[in-house]
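Student: Here is how the chains run, residue by residue.
2 protein chains.
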Amino acid sequence: MRATVIYGERDIRLDEVADPKLSSGGDAIVRVVAACVCGSDLWPYRGVTPTTEPHRIGHEFVGIVQEIGPDVQTVAVGDFVIAPFYDCDNTCVNCRNGVSTSCLNGGWWGSEDKFGGFADGAQGELVRVPHADGSLVATPQMPEAEQVPGLLTLADVMGTGHHAAVSAGVTLGSTVVVVGDGAVGLCAIIAAKRLGASRIVAMSRHADRQALALEFGATDIVEERGDEGVARIREMFDGIGADCILECVGTKESMDQAIRSARPGGMVGYVGAPNGGPELPVRSLFNRNVGVNGGVASVRGYIEELLPEVLSGEIDPGRVFDLQLPLADVAEAYAAMDERRAIKVLLRP
Amino acid sequence: MRATVIYGERDIRLDEVADPKLSSGGDAIVRVVAACVCGSDLWPYRGVTPTTEPHRIGHEFVGIVQEIGPDVQTVAVGDFVIAPFYDCDNTCVNCRNGVSTSCLNGGWWGSEDKFGGFADGAQGELVRVPHADGSLVATPQMPEAEQVPGLLTLADVMGTGHHAAVSAGVTLGSTVVVVGDGAVGLCAIIAAKRLGASRIVAMSRHADRQALALEFGATDIVEERGDEGVARIREMFDGIGADCILECVGTKESMDQAIRSARPGGMVGYVGAPNGGPELPVRSLFNRNVGVNGGVASVRGYIEELLPEVLSGEIDPGRVFDLQLPLADVAEAYAAMDERRAIKVLLRP
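So the protein lines, in turn, are chains G and P. For the first sequence, position 142 matches number 142 in UniProt numbering, and the numbering has no gaps at all. For the second sequence, position 210 matches number 210 in UniProt numbering, and the numbering has no gaps at all.
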């Protein structure tokens, strides 16, 4: 089969690799219908995270079950399935606590899983899915083609935006600021709206993203950043800031923006992978009682909640895909996102 | 009147100072019945926070209203009142949001308030209280002498322990670890128990504090610290850690202990003033979805909730005072706490 391999900085290739094989009683082989490029894939692409040797890449996909192990019970050959950006058994104590990204038996696409060998990266034609019963969620019926982008967002960005909103405690009447206008930030707007936020500020400087933010439910746009951005936000909310800040970037600057935009007693829900690890300024958090909650989003547990609204069209997160390319053009997909020519690129094998 | 002044490292004196005077329509003069020494008073006492010039010190007191300004409505001369460790109007947007420590018009004992001049430190005979209507809570009747220590804890340590528990989201059935066996940590045990925690681990190495912790509701004692402490806690809770960690110290080591003792998806409620400001390790918080919430405790808002249980004896936080001294012995009070001969010292003018 063909699968995407990263060789180094800005060196993405579609290679011919061995087809995956079932290797334990509970896994499944899924034929990928759609995959995509994640903002976090750009860290190795840009060389910020060094690539020491070529390896598979990608972690978001939907597809059709091609083969299952004898122990698999909840999905069947021919099912259309959504996979979260990690595998999990969905039964261990961490999964039961709603933190399936810390599954005691889970793993990550493109690496060895703990039991059955290699789990393919998702930007390819086939993926071996460990713990298929835990990891995969089948749609009630075969979706229409136009539903596929929305379903694909449940693999990561929609669930991750939702995690930001849940972690920040967004509820009926909350005032919300979303830091970051990438796919996750835009999905966080959808999430905040469906949780009942009364006002949602999108911090964005890009006209196309501003437009989508407003369509998704943002009530205000703020273009300023840094001190000016903080001043604007405070001015909008009683001079003190907003209840809930959804941090969807992961840089030192964006986290600083988020923390200072929160009102005393407010909460930052953060899902931007902290690349390089800016530390949090505990004294300023302490003085203003600003909490920080979130992390690598346990999207598996959100799929059942969000799926009906995606299928019904009540929410339309698939619109974050503003470019669709054949898998053969995966290198161009990375370039388009790197150069901000696209918010998020969908790949079809 | 006599009032406590800190001159420098380990130099605490009881000085003769001018009596306070009413200086605005809304303030009150309170005759102190009992005050105490706070763990945070030990930072300047030990020279960790430098004392550049002599200044009043103390911020916890209860007393009897001696005089009120013409605008004061909720307390009357002769009332027994509890003051939080700060003054606040209890009407501004931050107070309404439950964060009265960020009151837009508030201030701190022993410093200039924004309107009426100097607000005395509490380790003295009289205190001018700005915003008397907002700051003070009168007891329904004159308390018995043995109730005074419990009431005094509502000025700070009981409310602060409660804030740790609330910030960590302690609720029915929560598993809880309390880091710190000082007065706040011990009160946090009381708070966790009354909020319904199913298991409460006190991390303590001192026999007398362990005994009080168990009487207050701790179900387990852990003496280990650092890696061994984390290993013990994880072993006790499914190998993953506890739901809620109440951090009641404020050092880098105690915060590290707290963060690593939380299970994935758990929450650290922290109230220990971060002295010198250890920064929070965002990557390890992110990877395990451990949240951090809390700060300088808005105890004013908790007084009404906790007061009935203190008066009825249902909770008995006053037991944290294991030494009572006349105000004249204030220097010895500091020494006793500094040398850990006392958990917390109550002072009577």
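Check before you lean on any hint, since a few could be wrong.
[Said to hold, decoys possible] Among the chain G residues that face chain P by a calculated CB cut under 10 Å, a handful are:
1) LEU42
2) ARG46
3) THR49
4) PRO50
5) THR51
6) ASP238
7) MET255
8) PRO264
9) GLY265
10) TYR270
11) ARG283
12) LEU285
13) VAL292
14) GLY294
15) GLY295
[Said to hold, decoys possible] Beta-carbon label-pair distances, calculated as ranges:
16) ALA211(P) to ALA231(G): 49 to 57 Å
17) ARG283(P) to GLN73(G): 53 to 61 Å
18) TYR7(P) to THR52(G): 56 to 64 Å
19) ARG205(P) to ALA231(G): 31 to 39 Å
Think of the hints as simulated: they come from the structure by calculation, not from any bench. Where is the CB? At the ideal position from N, CA and C, for every residue including glycine.
Student: Indicate, hint by hint, whether the structure satisfies it.
Tutor: So, going through the hints one by one against the coordinates:
no.	hint	result
1	LEU42	violated, 18 Å
2	ARG46	violated, 19 Å
3	THR49	violated, 13 Å
4	PRO50	violated, 17 Å
5	THR51	violated, 20 Å
6	ASP238	holds, 5 Å
7	MET255	holds, 7 Å
8	PRO264	holds, 4 Å
9	GLY265	holds, 4 Å
10	TYR270	holds, 7 Å
11	ARG283	holds, 4 Å
12	LEU285	holds, 7 Å
13	VAL292	holds, 5 Å
14	GLY294	holds, 7 Å
15	GLY295	holds, 4 Å
16	ALA211(P) to ALA231(G): 49 to 57 Å	holds, 52 Å
17	ARG283(P) to GLN73(G): 53 to 61 Å	violated, 37 Å
18	TYR7(P) to THR52(G): 56 to 64 Å	holds, 60 Å
19	ARG205(P) to ALA231(G): 31 to 39 Å	violated, 48 Å
When the structure is compared with the earlier hints, violations turn up for hints 1, 2, 3, 4, 5, 17, 19 and for no others.
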